[in-house]
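Novice: Listed here are the chains, written in short residue letters.
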Amino acid sequence: MTEPRTVVRVRIVGEEYALRTDASSQHTEAVAHHLDRTIRAILASGATVETPRAAILAALQITDELFRERAAAAELTGQLQQLASDIRPLLPPDKRGDEPSPG
Amino acid sequence: MRPDLAAFRELDALVRRLTEQMAVFRRRALTAEARVRELEHGILEARSVLTATRQELAVLTESREHALAAAREATAAARSAREALAERERMAPAADLRATLGDLPALAANSEADAELANENARLVAQLAEARVRTGRMADRVRFLRQQMMQGAER
Chain A
58 MTEPRTVVRV RIVGEEYALR TDASSQHTEA VAHHLDRTIR AILASGATVE TPRAAILAAL
118 QITDELFRER AAAAELTGQL QQLASDIRPL LPPDKRGDEP SPG
Chain B
2 MRPDLAAFRE LDALVRRLTE QMAVFRRRAL TAEARVRELE HGILEARSVL TATRQELAVL
62 TESREHALAA AREATAAARS AREALAERER MAPAADLRAT LGDLPALAAN SEADAELANE
122 NARLVAQLAE ARVRTGRMAD RVRFLRQQMM QGAER
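So the protein sequences, as listed, match chains A and B.
Taking the numbering used here, the leading residue of the first sequence gets 58, the next gets one more, and so forth.
Taking the numbering used here, the leading residue of the second sequence gets 2, the next gets one more, and so forth.
Think of the hints as simulated: they come from the structure by calculation, not from any bench.
All figures in this text were calculated on a predicted structure; none of them were measured in a lab.
Among the clues, some could well be false.
Sample of chain A residues with no beta-carbon within 12 Å of chain B, all distances over it, derived [as the list claims (entries may be wrong)]:
no. : residue
1   : Gly-103
2   : Arg-110
3   : Asp-121
4   : Arg-125
Examples of chain B residues toward chain A, derived with CB under 10 Å [unchecked claim]:
no. : residue
5   : Pro-4
6   : Asp-5
7   : Glu-21
8   : Arg-138
9   : Leu-146
10  : Gln-149
Which residues of chain A face chain B? A partial, calculated answer using Cβ under 7 Å [as the list claims (entries may be wrong)]:
no. : residue
11  : Thr-85
12  : Ala-128
13  : Ala-129
14  : Leu-133
15  : Leu-137
16  : Gln-138
17  : Leu-140
18  : Ile-144
19  : Leu-148
20  : Lys-152
Each residue gets a CB set at the ideal place from its N, CA and C atoms; glycine is no exception.
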């Protein structure tokens, strides 16, 4: 559910940003808080002391999480489709619904 | 729509339809089980009545055989008495008339025994006819129950 485009002010590593977005302010603040926490964790680990490099490393880390979640979602989708294929023959033909198109 | 969400909604719909089908099957199974219990009860009842009727028929048949044997004996006795009377009348109609008249009470007693045996025979024949009618009804009921069982098996 999208909301009218609004401006949400957030702080990331001490810097304030005004973000214009369709998402809710709670969602935007949660995203900014996650990024801020990730950058601060990288800085605290001692991997780097430069905020721009820490931001790049944070972006890499979050992108890695995104790709892993996408793969998990794709695997879950396949399992759901397999379950549907297993159940469909147990139903009368008029109650099986549309067969999903392959691919 | 996201592929995982679409897959989930499709699976959810199928599971709901499957649940409905299982409810239908459960209702059918319960109905069939009740029908089987009803037929089993009918069979037990029919067996009980059939056994009692067979026993009663056996008793009636035995009684009929006894009655027929008694009737045959009585008929033979009556025939002997008639032959003896005819012989006496033929040999000494006047001289032995008094003696013959003296035997009349015995002959009358024989006639009463004949009538009693005839009545008993008629009663036993009536009982036998009634038993046949009841046996016929029982056979009809057993036939009906078998038909019901066959129809139940075909469902």
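Novice: All hints, please: hold or fail.
Specialist: Tested hints:
no.: 1; hint: Gly-103; result: holds, 38 Å
no.: 2; hint: Arg-110; result: holds, 34 Å
no.: 3; hint: Asp-121; result: holds, 20 Å
no.: 4; hint: Arg-125; result: holds, 14 Å
no.: 5; hint: Pro-4; result: holds, 5 Å
no.: 6; hint: Asp-5; result: holds, 4 Å
no.: 7; hint: Glu-21; result: holds, 8 Å
no.: 8; hint: Arg-138; result: violated, 46 Å
no.: 9; hint: Leu-146; result: violated, 34 Å
no.: 10; hint: Gln-149; result: violated, 29 Å
no.: 11; hint: Thr-85; result: violated, 21 Å
no.: 12; hint: Ala-128; result: violated, 12 Å
no.: 13; hint: Ala-129; result: violated, 9 Å
no.: 14; hint: Leu-133; result: holds, 6 Å
no.: 15; hint: Leu-137; result: holds, 4 Å
no.: 16; hint: Gln-138; result: holds, 5 Å
no.: 17; hint: Leu-140; result: holds, 5 Å
no.: 18; hint: Ile-144; result: holds, 5 Å
no.: 19; hint: Leu-148; result: holds, 6 Å
no.: 20; hint: Lys-152; result: holds, 5 Å
Consistency note: the structure conflicts with the earlier hints numbered 8, 9, 10, 11, 12 and 13.
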